[in-house]
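Protein chains: 4
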Amino acid sequence: MADKARIAILGASGYTGAELVRLIATHPGMRITALTADRRAGESMGAVFPHLRHLDLPTLCRIEDVNPDDVDLYFCALPHATSQEVISALPRDRKIVDLSADFRLRDPQVYAEWYGRAHSALDLQEEAVYGLTEFYRDEIRGARLVAGTGCNAATGNYAVLPLLAAGAIDPDEIIIDLKTGVSGAGRAPKEGTLFAEVSEGFHAYNIARHRHIAEFEQEFSKVAGRPVTPTFVPHLLPQNRGILATVYVKGEPAAIHAALAARYQDEPFMVVLPFGEAPATRHVRGSNFCHIGVVADRRPGRAMVFATLDNLTKGSSGQAIHNANLMLGLPETTGLDLAPMFP
Amino acid sequence: MADKARIAILGASGYTGAELVRLIATHPGMRITALTADRRAGESMGAVFPHLRHLDLPTLCRIEDVNPDDVDLYFCALPHATSQEVISALPRDRKIVDLSADFRLRDPQVYAEWYGRAHSALDLQEEAVYGLTEFYRDEIRGARLVAGTGCNAATGNYAVLPLLAAGAIDPDEIIIDLKTGVSGAGRAPKEGTLFAEVSEGFHAYNIARHRHIAEFEQEFSKVAGRPVTPTFVPHLLPQNRGILATVYVKGEPAAIHAALAARYQDEPFMVVLPFGEAPATRHVRGSNFCHIGVVADRRPGRAMVFATLDNLTKGSSGQAIHNANLMLGLPETTGLDLAPMFP
Amino acid sequence: MADKARIAILGASGYTGAELVRLIATHPGMRITALTADRRAGESMGAVFPHLRHLDLPTLCRIEDVNPDDVDLYFCALPHATSQEVISALPRDRKIVDLSADFRLRDPQVYAEWYGRAHSALDLQEEAVYGLTEFYRDEIRGARLVAGTGCNAATGNYAVLPLLAAGAIDPDEIIIDLKTGVSGAGRAPKEGTLFAEVSEGFHAYNIARHRHIAEFEQEFSKVAGRPVTPTFVPHLLPQNRGILATVYVKGEPAAIHAALAARYQDEPFMVVLPFGEAPATRHVRGSNFCHIGVVADRRPGRAMVFATLDNLTKGSSGQAIHNANLMLGLPETTGLDLAPMFP
Amino acid sequence: MADKARIAILGASGYTGAELVRLIATHPGMRITALTADRRAGESMGAVFPHLRHLDLPTLCRIEDVNPDDVDLYFCALPHATSQEVISALPRDRKIVDLSADFRLRDPQVYAEWYGRAHSALDLQEEAVYGLTEFYRDEIRGARLVAGTGCNAATGNYAVLPLLAAGAIDPDEIIIDLKTGVSGAGRAPKEGTLFAEVSEGFHAYNIARHRHIAEFEQEFSKVAGRPVTPTFVPHLLPQNRGILATVYVKGEPAAIHAALAARYQDEPFMVVLPFGEAPATRHVRGSNFCHIGVVADRRPGRAMVFATLDNLTKGSSGQAIHNANLMLGLPETTGLDLAPMFP
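Chains as they are written, first to last, in UniProt numbering: chain A, 1 to 343; chain B, 1 to 343; chain C, 1 to 343; chain D, 1 to 343.
None of these hints come from the bench; they were simulated from the model. All values reported here derive from a predicted model rather than from experimental measurement. Careful: at least some of the hints might be erroneous.
[Unchecked claim] Subject to a maximum C-alpha distance of 25 Å in a straight line, what follows is the list of computed DSS-like cross-link-like pairs (lysine-lysine): (1) K222/D with K250/D; (2) K95/B with K4/B; (3) K250/A with K222/A; (4) K95/C with K4/C; (5) K250/C with K222/C; (6) K190/B with K190/A; (7) K95/D with K4/D; (8) K250/B with K222/B; (9) K250/C with K250/A; (10) K4/A with K95/A; (11) K190/C with K190/D; (12) K250/B with K250/D.
Sequences and hints are given; from them, build the entire structure.
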């Protein structure tokens, strides 16, 4: 026990916080020394999330009551904007994986445009590494502050980045039709995420103005070496977990499949299906895997790329642990080999 | 059109309000002249409930902006406690069907005990008729104020009242294990009714202290002619609509079935299944029907009675219209012959 | 009663058959005189579909036991291929609305290509009118045999046809990303439509080779006056009812919205939302309405068109009744004014 | 690796087979050397269950192609009746955990009565130990053949057995109202388990004649030392995983809670909630935990006991691994410490 990394989770009363605890429960290299939830300080984690009641966990406390001397690495699962304030106040010699949107966008102007306010911690923004593990592995290994990606952004990036890097598609003709489960919307009560409003129905939301577009533009443009803007339409699925991105591209289908297969062949969590097969969200549920498939369109020179992952795991908390493993010098798959749960 | 009853719905932004509008949309004897929703006054009903956008409806207004001269009958779909205040202020010569719990309990002491406050409109309470149509039809026909029943209460009452009346069961051994869909919890955002908290799971709630127990005790005791208290445990189903009560009783199964079949044989919305068959919530979905089945236990002298209805229709808004039809002198099934929607 | 049209439903044990019965139950101009289901002949409809048990319906019989003298109009809800055989054997002076795929494709070569067999009733194929009511109203009015459209095909056609007709979009750049509920797959047991295989998950199927592509090509090309092929990817939603098509097009968004609004302004079941709003499947559930929305992309000259309908109602059985109303000389909206059921 | 127990799973194409593979994937003391599925022999497990495609697993084969020399322990996840034939043919010196119903009932007469056929392997039946781990731990440790319990039976037994043992309840007044998810019905296509037949609805099935009653009677009577028969009504929930039993008993509520708390205090997977709290299926999803709660009824001398577990894990495959750990001399919780997955 003594040499396990000591972990604090700031914002443990939300779904990503609970998912971190679930994954760390069987992680051999981490132990939780602090859990915070300002509004529920003093309660047990089992009271907030009864599925975790069998675990021996610290009582929820306020952020200011966490002793940094007991922490090797912070997971920060706080709301956007709050995160930058809280992280600014943490000791500068502690490792941090932030799961909010606060440090994802390198350009402060772009941040201000999409989030409607100036960034209040520009030095931290500059220091932060974008947490798309497979594309920033070396930087993450040496990083102190890693910014977890948007869950939708991760899904689309996994499908598209290798294709732009390989020059396999037309950068001006990328359409990302994405469908996501409800848990990504968080645990705060809202009319729009009530059971009766979500079940037995489907709709698009934040059409052409979802904030994850900024992450697509940042990463796509960086890889392509010139500005790239996709069309992006997210939809809400009547299910808890899972994102599926259907990406419409122009290029040779076989070359597209080859580019993805080559790029991900040594990646432990990326599974490229045989050409012509498409993945399903239910087959990655609860796991850190991302399944990718390519199918040729009937029309020559066009293809569909499908990418799926669990928004709470590979899209958020599993990704965060993956990055933390790298930052802590642990084998990177440690604690993340849970098989998907189906049905 | 001129001779259609003019209807005002107070509290039209909740699920029972929307269900009233859905049913009245094809009701040949009613037309809506006012819809209120204080917090959304000035908006169209289509903005609040887009499934109703094809209808030509009055704009939502505040209660005080409804002109009583344009109203023959009020449906009051307001929260408990609010309802008694609002109805107290309505003209005393208007017909009212209240869908709240405010006027269901005849004994003010019992009301105070279960609802935690003194009743503020005792004269109206005295005037109100309990809206269990099949058991209070004559009183309802002549009533000015009808108190819609609890949706769970209706379900259990339909299963049990004829058995107590016929002396077919032991009044001291009634166990009601009830399961209800989520829409009964209303549209106000709460953590407990979020999609991610309800889907793919099941649990009991308000065990042995649900307020509808008071309605059971009131009606059971009245019919039995002596105090009767059931055991009552409600559970939350991961579905929108539908209540199923599984009632465990002691008595001769065949006699139990016969008592129910006899009692309901002329009732337009009560369907007693052949002996040995059990109903399903999905087969009454969206309709005003109640299906009842009786199955013998393996143990002699014991039986299970199953009753199912749609909490928003037969359990609330459909019941309300049924009662309103009687109050308005319309054929009582008018507008309520919609077949259930399956799947 | 005497002057109601006498209706036979061939294939009444499937979901579209049950949906026809549900709708006819409150249709003032139709009455059911025969219901067939070969494997369940002799049973009551209530045994096959308990939600219909309150109705007074004919016992299920075999097709050969239906007396044509008791039938004014047949709804044929049989499987593909079976339908053409059965209809060939019906008297040639009876009106028929076929809900199968058998008579949708005008070109026998195209039929053979997509359905893997030669058509066996070419004269009937020639006679049949494509049942997309809003686009073939006059032909349908005079038709004897109407071929109901594919439910996916209807959804995409509603979104696209007015745009091709108006020249508002580039015909070579149409991408239809469609999501559909499970009931469209029918009631025959298959592993892929089991609850445990469908719930809490999402995936694409029949990618770029779904048979409804043939209907798109037929109708798109006819309206455009030259061959038009869309990209079409259907996905399976974990819900019973509802189709949403997200159509990516190139053209001026405002002109696209205007073209749709103009085309559908007098249509009783087509609702075009204000520019910038998108529809939800749950808001048309169980109804004959189709909601259409247009949202501009961030990229100039591109837009998303969203169309939603209930696959069993507007996409199949409601459409069939709409067409039958026209064929029988009834007001076309008769029996189809049911408001959507939400939640 | 060399000293891991070598595992064969017979019948790997069903849900319990897949669940065994999921759990063994992170089990440090077991490795899979054979997977059988007669109808899918020659296929990869990833083709049958794509969520397992990242694992390095043996190709599916026929039972006769499994070499017993490569197997230390068999998990037999075959259909009832098939199981006894297959196990009869296995070498008598191999350990076996059977997940079917074939060896659960000690009395061959009772077996014949409930399963409609004579038992064909009476010697094995005599040898078999009932796999309710917490009650047969010592026998299981020394057993060669363990009969996994019914998933419903386990749930009810956990709630009731300690109460009968402690004399805390009236043995003649036990009512088990049980609700179970769909995955327990298996992967074979049936109309009754289609998504459209299960979702958005609820009903009772096999009322008072479910085969698990035989297991209740066997275990209840053994512990009570005299014949005990409960009333048992199972219901089908619109969810994949999870069983909740609501057990109505007569006895002192506090004593009932105390008896359960005492009995399970040292059990690694049994969690007794504080008096007055009730569990939820979603809080044990995917885990080997069983949560139990006791709530007093309003009526003196009556209580409700709630027990919940995941039918595929604690109710079946997790239980099987728990028992196998004991049979193999491994620490009994090995590989079973996965936290529940919520949401």
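Evaluation of the provided hints:
no. : hint               : in the structure
1   : K222/D with K250/D : holds, 20 Å
2   : K95/B with K4/B    : holds, 15 Å
3   : K250/A with K222/A : holds, 20 Å
4   : K95/C with K4/C    : holds, 15 Å
5   : K250/C with K222/C : holds, 20 Å
6   : K190/B with K190/A : holds, 7 Å
7   : K95/D with K4/D    : holds, 15 Å
8   : K250/B with K222/B : holds, 20 Å
9   : K250/C with K250/A : holds, 15 Å
10  : K4/A with K95/A    : holds, 15 Å
11  : K190/C with K190/D : holds, 7 Å
12  : K250/B with K250/D : holds, 15 Å
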